[in-house]
Amino acid sequence: MPNMSPKKVPMPEQDPQVRSRNFSEVALGYTEEMAIEEAQRCLNCKHRPCMSGCPVNVRIPEFITLIAAGEFEKAYEKIYETNSLPAICGRVCPQETQCEQKCVRGIKGEPVAIGRLERFAADWYMKNVKRQVTKTQRNGKKVAVIGSGPAGLTCAGDLAKMGYDVTVFEAFHKAGGVLVYGIPEFRLPKDLVQREIDALKALGVEIRTNMVIGKTLNVDELFEEGYEAVFIGSGAGLPMFMGIPGENLNGVYSANEFLTRINLMKAYKFPESDTPVFRGQNVAVVGGGNVAMDAARSAKRLGAENVYIVYRRSEAEMPARLEEVHHAKEEGIIFRLLTNPTRILGDDKGWVRGMECVEMTLGEPDASGRRRPIPKAGSEHILEVDTVIIAIGTSPNPLIRSTTSGLETNKKGCIVVDENTCQTSREGVFAGGDAVTGSATVILAMGAGKKAAKAIDEYIRSKGQ
Amino acid sequence: MYKILRKEILNPQVKLLEIEAPYVARKAEPGQFIILRVHEEGERIPLTIADYDREKGTVTIIFQEVGATTRLLGTLEVGDSLADFCGPLGVASHFEGVKRAAVIGGGLGTAIAYPQAKKLFGMGVEVDVIIGFRNKDLIILEKEMAKVSNRLFVTTDDGSNGTRGFVSDVLKKRIEEGAQYDVVIAIGPPIMMKVVCDVTRPYGIKTIVSLNPVMIDGTGMCGGCRVTVGGETKFACVDGPDFDGHLVDFDELIRRLSIYREDERIALERHACRLGGVLNA
Chain G
1 MPNMSPKKVP MPEQDPQVRS RNFSEVALGY TEEMAIEEAQ RCLNCKHRPC
51 MSGCPVNVRI PEFITLIAAG EFEKAYEKIY ETNSLPAICG RVCPQETQCE
101 QKCVRGIKGE PVAIGRLERF AADWYMKNVK RQVTKTQRNG KKVAVIGSGP
151 AGLTCAGDLA KMGYDVTVFE AFHKAGGVLV YGIPEFRLPK DLVQREIDAL
201 KALGVEIRTN MVIGKTLNVD ELFEEGYEAV FIGSGAGLPM FMGIPGENLN
251 GVYSANEFLT RINLMKAYKF PESDTPVFRG QNVAVVGGGN VAMDAARSAK
301 RLGAENVYIV YRRSEAEMPA RLEEVHHAKE EGIIFRLLTN PTRILGDDKG
351 WVRGMECVEM TLGEPDASGR RRPIPKAGSE HILEVDTVII AIGTSPNPLI
401 RSTTSGLETN KKGCIVVDEN TCQTSREGVF AGGDAVTGSA TVILAMGAGK
451 KAAKAIDEYI RSKGQ
Chain E
1001 MYKILRKEIL NPQVKLLEIE APYVARKAEP GQFIILRVHE EGERIPLTIA
1051 DYDREKGTVT IIFQEVGATT RLLGTLEVGD SLADFCGPLG VASHFEGVKR
1101 AAVIGGGLGT AIAYPQAKKL FGMGVEVDVI IGFRNKDLII LEKEMAKVSN
1151 RLFVTTDDGS NGTRGFVSDV LKKRIEEGAQ YDVVIAIGPP IMMKVVCDVT
1201 RPYGIKTIVS LNPVMIDGTG MCGGCRVTVG GETKFACVDG PDFDGHLVDF
1251 DELIRRLSIY REDERIALER HACRLGGVLN A
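Quick mapping for you: the protein sequence lines, in order, are chains G and E. Okay, so the first sequence: first residue is 1 according to our numbering, each after it adds one. Okay, so the second sequence: first residue is 1001 according to our numbering, each after it adds one.
Hints were generated in silico from the structure; no laboratory data involved. Hints may be right or wrong, so weigh each one.
Unchecked claim - Between beta-carbon pairs, the in silico distance windows are:
#1 Glu37/G with Arg1026/E: 54 to 64 Å
#2 Val1078/E with Asn139/G: 34 to 44 Å
#3 Gln132/G with Ser1258/E: 51 to 61 Å
#4 Ser24/G with Ser1258/E: 25 to 35 Å
#5 Ala1179/E with Glu356/G: 42 to 52 Å
#6 Leu1247/E with Glu110/G: 54 to 64 Å
#7 Ile244/G with Asp1251/E: 17 to 27 Å
Claimed, not checked - Restricting the straight-line Cα-Cα distance to at most 30 Å, the calculated cross-link-like pairs of lysine-lysine (DSS-like) are:
#8 Lys1027/E with Lys1003/E
#9 Lys1003/E with Lys201/G
#10 Lys412/G with Lys454/G
#11 Lys108/G with Lys46/G
#12 Lys1027/E with Lys412/G
#13 Lys376/G with Lys329/G
#14 Lys412/G with Lys1234/E
#15 Lys201/G with Lys1027/E
#16 Lys130/G with Lys190/G
#17 Lys1003/E with Lys190/G
#18 Lys349/G with Lys1234/E
Here the structure is a predicted model, which means the values were calculated and not measured. Yeah, the Cβ is synthetic: ideal placement off N, Cα and C, and Gly gets one too.
Start from the sequences and build out the full structure, keeping to the hints where you can.
Given below as structure tokens:
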């Protein structure tokens, strides 16, 4: 008999009061007992609706059945068949709009906690099993992967498993892309990312840091160096600003800069680490996505008294994961919804002293399908802050497209690809992840990396014939 | 990787390191920069490329020991390696159509002005070099500059080398004497570049400056290096670091360079403590 409780087994978490002052992980993970209890809520539906919601087709009912039976190692292996980064996906996937949204148990109650179970299986495996690396027979063919974020790592891993010699080129000094510079430690511990990267290295993947493709080397030179195919997974790293007065005042950050200082450069440990970050007392974060939540919660952890999320639509339109919004609220982040900044005000030394905002109402749906925010006349008011973090989105970096001939991009600067193969307009060059879609999710990028790996394999084989 | 092959002490605060970095050396051009980290926990700092040797696969950097990281960098010796050395970044300087140029270096800026003067001189351009320092003990690259210029002027703020004054004074005098320049390249502290731009503006002489704002990645990702040029926000790392000096908002640049001044002081004190600890151990 399945467990018919309408609610998920709760996830143990650090107390909000405590965690809003540290950078340790918020969610602590299920125990074996909790995992089995939750796994027993799965009805093991024959038509597997959950799987259709997963961009990498994790065999969800099968791994959950294995957890329910206490076969944790096998459960992990089942996930790993289609998902090379389960510990990461279990933590950062927006399950509520993917697998869990399709779960039959969600009709009358909460869906099965698929994400939490995935995380459990991955964490259990890391803790209890020494990973056996079965190196595949090398086929002597070289593939270059640009970018070591989720798209690049997935593509590299899949190709290495097929026998290719894969080299990943990373611009930063450390591999991981957004997993290390963007997503904070309290949501995704960095030693966990490092373990996944080490696992790839054990498979034979070579990672070359400090290589800015478009500057240090370009795509043509990669082919000259003997790579038979190139995968571009360089992400969407260019921060957008609002174009309002005062954006260059001291104390205004892009979320990219703020988070990179904290996550990649460990500024939260300054002066123990060498990179500083400005620690504001009253911080406004502009935007409503996961990045905005990450920035707000990081600011709180750096010691800010008041942290505001300033978002021009209502909570229903917020693109952030439900869990992040929920955690942010628990930690005391103040939500100023239907509010839009109009200018940032500075003091006589050029530091931020406030942000003028206007209230908004929602009108008819716009091109995105979300109701368009309209300013309310006469509602201007000043939010007294000393720091403004702009988290309204990012776009792909032009360094690669401007140095690669024959690479078609759209007007947003995203690389144009065949949806089924990730093939770009240039032969032998494939692309996926945020570089193609604009800023999206880790799992979509991984899905693209996977698809591209398969297509690259087919391309190289067909060339050999 | 990134091994130090040569070290020179140019003055009590300024050092030169020639570093093994074949990929960077292959592509480096005057005006571009690199980002380095000294050690695994270190910060990323941008430094403009002072010279490069494609055959040897080396890149030379010249730096002043102003903060914790540059002081630590100064303690490294030949045979030591840097943790990271990334580049070349930024847009290379363009000199098409230039016949006569004045290249101006203020203090450490002389190190960055040197490859520009070298390139121009090598192209057959008539080059005046004007370099200025606080006093005669701080003069760097005088011999090198003499080799890549038609005329060399060296000034000191205190007159200790015999020529008291600022680089901008010399430039003004040269222009008033009738020197004709297609371009003036000014590299040094922001206030010096600002003053040089004020000198050239009434004469309508194109003036290129090289900016060195705070940045992390150097590839357009953080936006920390944004500067206002001609009323528009630019990223110095990917749109620069060279800009038309007459359009740069220097006051904003100077203000933004001060953001971490207090943190820099803390880091420096801590660095001094750590070094002290080593010495006392």
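Q: Sort out whether Lys201/G lies within 30 Å of Lys1003/E, counting only the CA atoms.
A: It holds: about 24 Å lies between the C-alpha atoms, which stays within 30 Å.
Q. Is the straight-line distance between the alpha-carbon of Lys1003/E and that of Lys190/G 30 Å or less?
A. holds (29 Å)
Q) CA of Lys1027/E to CA of Lys1003/E, is that 30 Å or under? A) Status holds; Cα separation ~18 Å.
Q: Starting from the range 25 to 35 Å, see whether the pair Ser24/G and Ser1258/E falls in it by beta-carbon distance.
A: Distance hint for Ser24/G, Ser1258/E holds at roughly 33 Å.
Q: Would you mind confirming whether the straight-line C-alpha gap from Lys349/G to Lys1234/E stays at or under 30 Å?
A: holds (22 Å)
Q: Just tell me: holds or violated, for the beta carbon distance of Gln132/G and Ser1258/E against 51 to 61 Å?
A: holds (55 Å)
**Q.** Verdict for Glu37/G, Arg1026/E (Cβ pair) under range 54 to 64 Å
**A.** holds (60 Å)
Q.
So if I understand the rule, the pair passes when the alpha-carbon distance is 30 Å or less; does Lys376/G with Lys329/G pass?
A. Roughly 26 Å between the alpha carbons, so the hint for Lys376/G and Lys329/G holds.
Q.
Check the hint pairing Lys412/G with Lys454/G against an upper bound of 30 Å on the C-alpha distance.
A. holds (27 Å)
Q.
Taking 17 to 27 Å as the stated bounds, is the beta-carbon spacing between Ile244/G and Asp1251/E within them?
A. holds (20 Å)
Q | Pairwise hint evaluation, Lys1234/E against Lys412/G, where the allowed Cα distance is 30 Å at most | A | holds (18 Å)
Q | Distance restraint between Lys1027/E and Lys412/G, which requires alpha-carbon spacing of 30 Å or less | A | Satisfied, since the Cα-Cα distance of roughly 29 Å is no more than 30 Å.
Hint violations for this structure: none, all hints satisfied.
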